[in-house]
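Visitor: Sequence:
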Amino acid sequence: MDEVDSWIPGFGDISNGDWVGVWHFIDMKPSVSNDFDAHQGKLWDEAGVPGMPMDPLELVLMAAFDAAGLSVNHDKSTGIANYTIGEVNDGVAATVRRDKGQWQYTSVSHIAFEPVSNLAYYGWSHFRDEQRHPIRMLAWPLHAIGDATVPMHVVGTSAWGHRPYEDSQEYLVSKIWKFDGQMANQVPAVLRVMRRAFYWHTKIEDWRASHNGNKDVPIRQIITELARNTYEYAMLQHQLPDSRWPFSITASTKYQLKKDDAVNDYVEIPAAADLARPLYDDGMGATVALLVAASDHF
Numbered sequence: 071m072d073e074v075d076s077w078i079p080g081f082g083d084i085s086n087g088d089w090v091g092v093w094h095f096i097d098m099k100p101s102v103s104n105d106f107d108a109h110q111g112k113l114w115d116e117a118g119v120p121g122m123p124m125d126p127l128e129l130v131l132m133a134a135f136d137a138a139g140l141s142v143n144h145d146k147s148t149g150i151a152n153y154t155i156g157e158v159n160d161g162v163a164a165t166v167r168r169d170k171g172q173w174q175y176t177s178v179s180h181i182a183f184e185p186v187s188n189l190a191y192y193g194w195s196h197f198r199d200e201q202r203h204p205i206r207m208l209a210w211p212l213h214a215i216g217d218a219t220v221p222m223h224v225v226g227t228s229a230w231g232h233r234p235y236e237d238s239q240e241y242l243v244s245k246i247w248k249f250d251g252q253m254a255n256q257v258p259a260v261l262r263v264m265r266r267a268f269y270w271h272t273k274i275e276d277w278r279a280s281h282n283g284n285k286d287v288p289i290r291q292i293i294t295e296l297a298r299n300t301y302e303y304a305m306l307q308h309q310l311p312d313s314r315w316p317f318s319i320t321a322s323t324k325y326q327l328k329k330d331d332a333v334n335d336y337v338e339i340p341a342a343a344d345l346a347r348p349l350y351d352d353g354m355g356a357t358v359a360l361l362v363a364a365s366d367h368f
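So the mapping is simple: the working numbering equals the position in the sequence shown, first residue as 1, plus 70.
Each hint should be verified, as a subset may be incorrect.
[Claimed, not checked] With a Cα cut of at most 25 Å, we get these calculated SDA-like pairs of lysine to any residue:
| # | residue 1 | residue 2 |
| --- | --- | --- |
| 1 | K248 | N299 |
| 2 | K273 | D169 |
| 3 | K328 | P123 |
| 4 | K329 | M253 |
| 5 | K328 | Q239 |
| 6 | K329 | G216 |
| 7 | K146 | D169 |
| 8 | K245 | E338 |
[Claimed, not checked] Taking CB as the label site, the calculated pair distances span:
| # | residue 1 | residue 2 | range |
| --- | --- | --- | --- |
| 9 | G121 | D344 | 24 to 34 Å |
| 10 | Y241 | A279 | 41 to 51 Å |
| 11 | D344 | H203 | 33 to 43 Å |
| 12 | Q252 | L361 | 20 to 30 Å |
| 13 | Q252 | A164 | 48 to 58 Å |
Hints listed in this document are in silico derivations from the structure and should not be mistaken for laboratory results.
Cβ atoms here follow ideal geometry from the backbone N, Cα and C, with glycine treated the same way.
Could you put together the complete structure from these sequences and hints?
Guide: If you want it as structure tokens, here you go:
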């Protein structure tokens with residue numbers, strides 16, 4: 071199982087009390103069950119690109135989890151306690167609570183985890199409510215913003231090129247932001263990000279105005295809308311003839327055999343940086359807006 075565990079993006083050691091990576095998805099496909107949240111997080115049974123077969127690697131993972139009987143540890147998992155969100159007046163439906171038996175009766179392959187938007191709310195609510203407004207708690211919503219801009223996170227898949235796609239960004243980021251050129255070449259990026267930041271800032275301010283002018287942020291709405299933007303853009307690109315971006319049904323398997331080659335396949339996709347850039351702009355804009363809103367608490 072340690073070997074299988076290493077295949078999964080960001081999941082960490084399966085022997086620990088909280089398998090953190092399973093809480094970092096928000097599945098925006100219109101066909102998924104959404105039994106416990108407005109938009110569910112990771113559910114292997116429904117993972118993947120709509121209208122396409124399940125990635126073989128995802129099937130192998132599910133078979134391994136079922137064979138091993140790997141299930142959620144209800145008593146030790148902080149994710150269940152932290153990311154089950156009740157009625158909080160943010161315009162998003164409360165999580166349907168599950169008891170210990172519902173969480174543990176089957177393997178993780180068949181459990182719907184809470185979405186990354188709930189993770190964002192957990193961090194934001196602690197920042198908002200604690201007297202000292204600890205900056206470290208903003209790590210949760212900021213991380214959720216990043217996850218919501220990754221195509222694989224918004225279709226609930228651990229495969230379909232998930233790891234090689236994410237690894238490839240390390241090699242593309244300088245091209246995405248044009249760090250290699252003259253400073254003047256970066257001005258358009260600043261303008262694009264600020265336009266998106268103004269959009270998200272306006273959304274926050276409008277929400278505040280309709281809620282007695284408080285200093286709250288509808289963070290779950292923001293993460294959900296950001297994820298929807300990512301989903302719609304990713305599907306538009308995926309459906310183009312001969313598209314290799316962002317989803318590849320062979321890339322995750324290749325990553326296990328020839329990691330560098332799988333990553334390089336993404337790096338060498340024509341206009342790879344241009345394709346990823348709108349996702350970066352949207353996510354960075356949301357980041358700026360959130361930090362501006364957070365500054366109102368000081």
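Visitor: Of the numbered hints stated earlier in the document, which are not met by this structure?
Guide: Result: hints 2 and 4 break, sorted rising.
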